[in-house]
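Construct the entire structure; sequences and hints are all you get.
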Amino acid sequence: MAKTKKIYYCQNCGAQHSQWMGQCSTCKKWNTIVEEVVDKGEKKQEWKESMSPAGQMNHSINIIDVNLKKEHRIRTQNEELDNVLGGGIVPGSMILMGGEPGIGKSTLLLQLALSMQGVKTLYVSGEESSNQIKMRADRIGIANQECFLLTETNTQKIFKQVKEVQPNLLVIDSVQTLHSNYIESSAGSISQIRECTNELMRFAKETNTPVFIIGHITKDGAIAGPKILEHMVDVVLQFEGDRNHVYRILRANKNRFGSTAEIGIYEMYGNGLRQVSNPSEMLISKKDEDLSGSAIIATMEGTRPMMIEVQALVSTAVYGTPQRSATGFDTKRLNMLLAVLEKRAGFRLGVKDVFLNVTGGIKVDDPSIDLGVVVAILSSNEDVAISEKYCFAAEVGLSGEIRPVSRIEKRIQEADKLGFEMIFISKYNQTKEHNLGIRVVPVSKISEVYFFLFRK
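For the sequence shown, my numbering gives the first residue as 1, with consecutive numbering after it.
Please keep in mind that the hints were generated in silico from the structure rather than gathered at the bench.
Take these hints with a grain of salt, some might be off.
Cut-off 27 Å, straight-line C-alpha distance, at most; resulting in silico cross-link-like pairs (DSSO-like, lysine-lysine) [unchecked claim]: (1) Lys120 x Lys6; (2) Lys332 x Lys445; (3) Lys163 x Lys134; (4) Lys219 x Lys254; (5) Lys28 x Lys352; (6) Lys120 x Lys134; (7) Lys389 x Lys417; (8) Lys427 x Lys410; (9) Lys410 x Lys363; (10) Lys6 x Lys227; (11) Lys352 x Lys363; (12) Lys120 x Lys160; (13) Lys389 x Lys427; (14) Lys227 x Lys254; (15) Lys6 x Lys157; (16) Lys120 x Lys69; (17) Lys205 x Lys219; (18) Lys70 x Lys219; (19) Lys70 x Lys28; (20) Lys205 x Lys254; (21) Lys363 x Lys389; (22) Lys332 x Lys352; (23) Lys427 x Lys343; (24) Lys417 x Lys432; (25) Lys120 x Lys70; (26) Lys69 x Lys343; (27) Lys219 x Lys29; (28) Lys157 x Lys70; (29) Lys157 x Lys205; (30) Lys28 x Lys69; (31) Lys343 x Lys332; (32) Lys29 x Lys69; (33) Lys410 x Lys445; (34) Lys410 x Lys254; (35) Lys219 x Lys332; (36) Lys227 x Lys163; (37) Lys254 x Lys432.
Restraint ranges, calculated between C-beta atoms of paired labels, are given here [as the list claims (entries may be wrong)]: (38) Lys134 x Lys70: 38 to 44 Å; (39) Arg75 x Gly346: 51 to 57 Å; (40) Thr359 x Asn335: 20 to 26 Å.
Just so it is clear, CB atoms sit at the ideal spot from N, CA and C, and this is done for glycine as well.
Below you can see the structure in the form of structure tokens.
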């Protein structure tokens, strides 16, 4: 009879223990340790025989003797996804996508599977029936003869279908619903997620077939399951957005084949996700008249320049303690900028409420947004509107100086292309001579910007 072994795992951090205990010794959480039975007696049958001959041994090789082959990527019909992945899908890669429920993960990958004409795709769903997937495909309105559906959660049965279909792309929705016969625990447990991911990874690397897997997230926003799941895969994508807004943002938290600074922007409709090639069209609000407290910032997301609108509201504090609130911007950095305005520029904002909002429902951490935030706050405080043809791109230091930012040429070119008349930058930024229609205004202190905009 096969010998079984009991293992105790922490559901919070994934730490392994030899016996049950009330508190995890690693993450110090209470009542998170569960018992899982792992069958060590049954020999595992690989999804296929190993690609290398039996008994063959790998030998070390000098790095100079390694022949570097040109990397081939599979181009999709989704340019935003290609940019985030670094130029397309790398054969044999394993890509994990996480996001909140209802954000559009399944819609994005189904749309990807339907749009890749000539690429045989197997879409495996453990959460929906074939009829439900067909209804969504009809709404998307794309027909593809090379897209196959499978509603199954057992990995051994999935690999049998993989042998029959021989797909060029495999999509799993989701990894938390899969279970393997070799692990005696429920689907979604740490052991099952790790074992199923290992089987999918072996399949991807041995057959050079790219695999997309969808992962659930916890209430803290992290992908559910052990942290080793994110270490095993090649790419970790995060699909963000507010379900109350139509815009979605795709980010790469990890990418072995490209940069993690790129983002993809989509717009959610009833018939699927639409790519937004010009993000500035959604990030700058349309209004009939000039209002105070609004400023446009030229920011960068990876190699893509974007124009973002920042809105500020400064009012007298009704209650004893002034409020500081920011949406899409770091509140601690907002407090720092307010302290700079109080100490270095002489503005009495300590007794006033300050509210800040980045339009479009996105989060920005580029330091170049500092000058735009300061200008929006001053505009609201003075109740003087700033021309919508002005934009800003500079960092603000603790002594009130205007600091330079990177890729200033791309920011200037993007502002000129969108019809802006003036851009404020640090005078310490090295810029080239150009024949653009936009006027570049170099400044070194907050006081210079203030007198230029409000004390002409």
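Going through the hints against the structure:
For the given pair, Lys120 sits about 41 Å from Lys6 by alpha-carbon distance, which is inconsistent with the 27 Å threshold. For the given pair, Lys332 sits about 22 Å from Lys445 by alpha-carbon distance, which is consistent with the 27 Å threshold. A C-alpha spacing of about 23 Å is found between Lys163 and Lys134, which places the hinted pair at or below 27 Å, so the restraint holds. The suggested pairing of Lys219 with Lys254 holds, with an alpha-carbon distance near 21 Å, which does not exceed 27 Å.
Taking the CA atoms of Lys28 and Lys352, the gap is near 41 Å; set against the 27 Å cutoff, the hint is violated. Straight-line distance between C-alpha atoms of Lys120 and Lys134 comes to about 17 Å, which keeps the hinted pair within the 27 Å bound. Pair hint Lys389 plus Lys417 holds up; C-alpha atoms about 12 Å apart against a cutoff of 27 Å. This hinted pair checks out: Lys427 and Lys410 have alpha carbons roughly 16 Å apart, not beyond 27 Å.
A distance of roughly 21 Å separates the Cα atoms of Lys410 and Lys363; the hinted pair therefore holds under the 27 Å criterion. Restraint check for Lys6 and Lys227: satisfied, since their Cα atoms lie roughly 21 Å apart, inside the 27 Å limit. Restraint check: the Cα-Cα separation between Lys352 and Lys363 comes to about 24 Å, which is no more than 27 Å; the hinted pair holds. Distance hint between Lys120 and Lys160 is fulfilled; the C-alpha atoms sit about 16 Å from each other, no more than 27 Å.
Restraint check: the Cα-Cα separation between Lys389 and Lys427 comes to about 20 Å, which is no more than 27 Å; the hinted pair holds. Restraint check for Lys227 and Lys254: satisfied, since their Cα atoms lie roughly 13 Å apart, inside the 27 Å limit. At roughly 26 Å between alpha-carbon atoms, Lys6 and Lys157 fall within 27 Å of each other, so this suggested pair holds. A C-alpha spacing of about 25 Å is found between Lys120 and Lys69, which places the hinted pair at or below 27 Å, so the restraint holds.
Restraint check for Lys205 and Lys219: the C-alpha separation of about 32 Å exceeds 27 Å, so the hint is violated. Proximity of Lys70 to Lys219 is assessed by CA-CA distance (about 41 Å); at most 27 Å being required, the pair is judged violated. Under the criterion of a C-alpha separation no larger than 27 Å, the hint pairing Lys70 with Lys28 is inconsistent with the structure, at around 47 Å. Taking the CA atoms of Lys205 and Lys254, the gap is about 18 Å. The hint holds against a cut of 27 Å.
About 23 Å separates the Cα atoms of Lys363 and Lys389, which keeps this hinted pair within 27 Å; it holds. Of the supplied pair hints, the one linking Lys332 and Lys352 holds, its CA atoms being roughly 17 Å apart against a limit of 27 Å. At roughly 22 Å between alpha-carbon atoms, Lys427 and Lys343 fall within 27 Å of each other, so this suggested pair holds. Simply put, Lys417 and Lys432 have alpha-carbon atoms about 17 Å apart, close enough for the 27 Å limit, and the pair holds.
Our distance criterion of 27 Å between C-alpha atoms is met by Lys120 and Lys70, whose separation comes to about 24 Å. A distance of roughly 58 Å separates the Cα atoms of Lys69 and Lys343; the hinted pair therefore is violated under the 27 Å criterion. Of the supplied pair hints, the one linking Lys219 and Lys29 holds, its CA atoms being roughly 16 Å apart against a limit of 27 Å. Taking the CA atoms of Lys157 and Lys70, the gap is near 35 Å; set against the 27 Å cutoff, the hint is violated.
Between Lys157 and Lys205, the direct Cα distance comes to roughly 19 Å. Compliance with the 27 Å bound is thereby established for this hinted pair. Distance hint between Lys28 and Lys69 is unfulfilled; the C-alpha atoms sit about 47 Å from each other, more than 27 Å. The suggested pairing of Lys343 with Lys332 holds, with an alpha-carbon distance near 16 Å, which does not exceed 27 Å. A C-alpha spacing of about 48 Å is found between Lys29 and Lys69, which places the hinted pair above 27 Å, so the restraint is violated.
For the suggested pair Lys410 and Lys445, the alpha carbons sit about 23 Å apart, so the restraint of at most 27 Å is met. Proposed proximity of Lys410 and Lys254 is supported: the alpha carbons are some 25 Å apart, at most 27 Å. Restraint check: the Cα-Cα separation between Lys219 and Lys332 comes to about 23 Å, which is no more than 27 Å; the hinted pair holds. The suggested pairing of Lys227 with Lys163 is violated, with an alpha-carbon distance near 30 Å, which exceeds 27 Å.
Distance hint between Lys254 and Lys432 is unfulfilled; the C-alpha atoms sit about 34 Å from each other, more than 27 Å. Roughly 39 Å separates the CB atoms of Lys134 and Lys70, a value that falls within the hinted 38 to 44 Å. At about 56 Å, the beta-carbon gap between Arg75 and Gly346 stays in the expected band of 51 to 57 Å. Here the CB-CB span from Thr359 to Asn335 is close to 21 Å, well matched to the stated 20 to 26 Å.
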